[in-house]
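Visitor: As a plain string of letters, each chain reads:
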Amino acid sequence: MLRAITVILAAALGSALLLTTLELALRLLPVQNGIAAGDPSVDWPTHRLIPNVHYTFSDAWDLRNVHHGVTNNLGYVAPFAYVPGGDAIVVVGNSFIEGLMDNYQDTLQGQLAQRVHAAPAILNFGSSGASLPDYIGLGPMVSPRFDVRWVVILVVAGDFEKGFTPPPGFFGWSAAATPPVELRPDQPRSAGVRLLRSLAVVRYLRGNLEFDLRHFLHTSVKGAPQACVPEGLHPGDGKLITAYADGLPAAYGLPAARVILVFDSDRAELYRSHGARTESPCPNRDDVARRTLAAAAADRGEHVIDLEPIFAHYFRATGKHLDYSPLDNHWNAVAHGLAAAEVARVINQAAASPPTVDTVPAARVAAVQRLRR
Amino acid sequence: MLFTSGEFLFAYLPLTLALFFLVARVAGHAAAAAWLVLASFLFYAYWLPAYTGLLAASVVFNYLLGNFILACPADRQRRRFALLCFAVGTDLLVLGYFKYANFFLGTVAQLSGRSLGALNVILPIGISFFTFTQIAYLADVFAGKVRERNPLHYALFVSYFPHLIAGPVLHHAEMMPQFGMPRIYRPRLENFVIGLAFLLMGLAKKVLLADSWAPLADDLFDSPTTAAVPAAEAWRGVLAYTLQIYFDFSGYSDMAIGLSLLVGVRLPYNFNSPYKATSIIDFWRRWHLTLSRFLRDYLYFPLGGNRHGSLRRYLNLMITMLLGGLWHGASWTFVIWGGLHGVYLAINHAWRYLCAGLALRTMAEAPAALRVAGRTLALALTLFSVVGAWVFFRARSLTDAMRILGSMLALPADASAPTPDIGLGTLVPLAGGFAVALLARNSQQLLDGPLTRAVRRISASGWRVIVLAAIVGAEVTAIALVAVIAASRSVAEFIYFNF
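If you read the sequences in order, they're chains A and B.
Take 1 as the starting number for the first sequence in the working numbering and just add one per residue.
Take 1 as the starting number for the second sequence in the working numbering and just add one per residue.
Everything labelled a hint here was simulated from the structure, so no lab data went into it.
It cannot be assumed that every hint is accurate.
Covered by chain A, according to a simulated footprint, are these stretches of chain B (three or more residues, beta-carbon under 8 Å) [said to hold, decoys possible]: (1) 8-21; (2) 476-482.
Restraint-style ranges between C-beta atoms, simulated for each label pair [claimed, not checked]: (3) A/Glu182 / B/Ala109: 38 to 48 Å; (4) A/Arg189 / B/Ser490: 52 to 62 Å; (5) A/Glu182 / B/Leu427: 22 to 32 Å.
Just so it is clear, CB atoms sit at the ideal spot from N, CA and C, and this is done for glycine as well.
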């Protein structure tokens, strides 16, 4: 018995020594730091980062793509404070818009500020983990504080389906509500969690390696490979999407013509096919849902930007990727720039047109028709 | 279950080992061996439970047939031979159905121009490995070389989870006697230290090295494009695959050896720095050693080996390598890969014969500078030949392989294809990988040498338990960390799972 206890204690000591060495080594390296969820408050119950923090971002086990930046007074990634009351173009999305892996000036919002004529403040409300329900759920929180002129929403793969399993602090689908979303409440972090967050080993595991115990214990392949079966919408999906497209302008207190939905493309398929194919031959429920949303939004007069032909053209011309793949599929500066140019074109065109005329460029009509397929 | 997965390393493995040692202590060695057999079948069932019956049936069938051959009087040689043919034939039929039926149907359809359709068959994982180990057993039973006949040890030899899915290709004579040794049924800290070190080394090879190069290789070989790609892109993908397959398979083999060492059972080494080989003959003495041994002992030698003159030797070599290629997969690309190596080996043997005939001065007698230059040239030529053959091994079709080889030889690329973005970010890791493969000491050199000596020194000291247990704790923590890195990526199976 004594021997067993000795073995266990000595093994624990060995483990602790290794972890201590690792902690010291990681403190000298640019592991993720300062990127943590802020506690929810009554006036801002949804997820955001801890406000006014200098952060370090790096990716994967070998700490690639290191970036440093700051969060502002509201807990979003921006090098300036969001001052309530002013005119604003609001940019909403998930980690693509949050842009931890990019320099701020390279992001869609950063480049938009350079490209829009007489641009008001461009406010980024991107949150890693956010999905379609968050993009509409944020509206009633943002619109009373700022004089929103435009809302730009980036929709990427997974944005529809993720809305069915939102983590705490995020909005999820709720068919009974209007708009059809509901916030999953979050709790303030305990002192123990705060202490753990300060450890470099924990930040490395959670931030760089995205450790999740449930996933860790279910990583083996089970069963024979399944053939591709193209998916469609589930019952009720269509109704959710319609209600979403209907409710989006009102959530931000805007007319439909002031809403811009930007749809990302299937870049992996583009690279895999060396530029020959722009979409997967095996669409899933989420792909179909996003296409349906694009069509529904266009029908209601919202602007729809499909990045697929734009990204495909760029890749075919240059051979350069539009993201950090294969390590990370988030957009790089080029992709943000191409998207910003398209968004700026819509905004600048609207500014140049008489306010009563809703012009529909031929390119947009073609893009919408393609998305409806 | 993948060796790199959390459920294997931190659920299946500790539970299996703990119960193995507990059962051995409480209920005896036979019960512990039975538990290990059961655990190995559970390991297999995790992938697809339906095929566990196939594995069990194969074990029972081959063991019984082995016993029938043994029970047959020595003077009834023809009957013994008929039994052997029946058993081996049945094994090959089963293997043929699951692994090669669609290949043959496809080939016949192509030749005849008729559509024959395809069977809806899923390849049972590891079927080539457990079939071949049992064929070797039957052949040795027939030859009167089998001494150990304990059914439990036989079942364990075939189904033993560290090797079940992707080898090494075990030989009954080196495995079954070990299962009878009392020492394996008691936990020993020394075994844990060395076993976990092998496991960690293999895990690191797979997760940190092989999986890092996989996207570059996949990008080239899995592309649906049918046009030639720029030469730089083709070379990048092929070199990435050259490193990926080595570190993937040798990493798997190290993990298997390490897992087995946890219970004190030694598996044979499978690799010995193959890219350091200075000839193709040398390469095959360093790459997939247990398969080479199997092919030599159970195919090349029975065919006559080199005992019937040069021409027969080259023919036997060619047959062995072609079948070795086909063993890897049901595709003409594998056959051509094997055939290429057969040709390489024949040229290599002919060259040696020619050198001996001309009484050329051996390398050992040459000046130092010439020796280094000669070795470097030989190494480069060997590696170049091996790399070229990997194109067939990895390509999805002969057309793809020819397209990629053409691209490597700088055939004009499709003008509309994008020029690849190849920067230092991909070149440095590739160069680093080859530096490790060509210059560094391999796992067994590191672990059998310095580590084993250190463990012996610690074992002889008064702090044995504390120091060894502390090392085990540190190793388990390091393994957990690498496993978390593995989980942070999409699932990456071992390449040899497909064979």
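Visitor: Each hint needs a verdict: does it hold in this structure or not?
Guide: Each hint tested on the structure:
no., hint, result
1, 8-21, "holds (count 3)"
2, 476-482, "holds (count 4)"
3, A/Glu182 / B/Ala109: 38 to 48 Å, "56 Å, violated"
4, A/Arg189 / B/Ser490: 52 to 62 Å, "30 Å, violated"
5, A/Glu182 / B/Leu427: 22 to 32 Å, "51 Å, violated"
Hint compliance for this structure: hints 3, 4, 5 are not met, and every other hint is.
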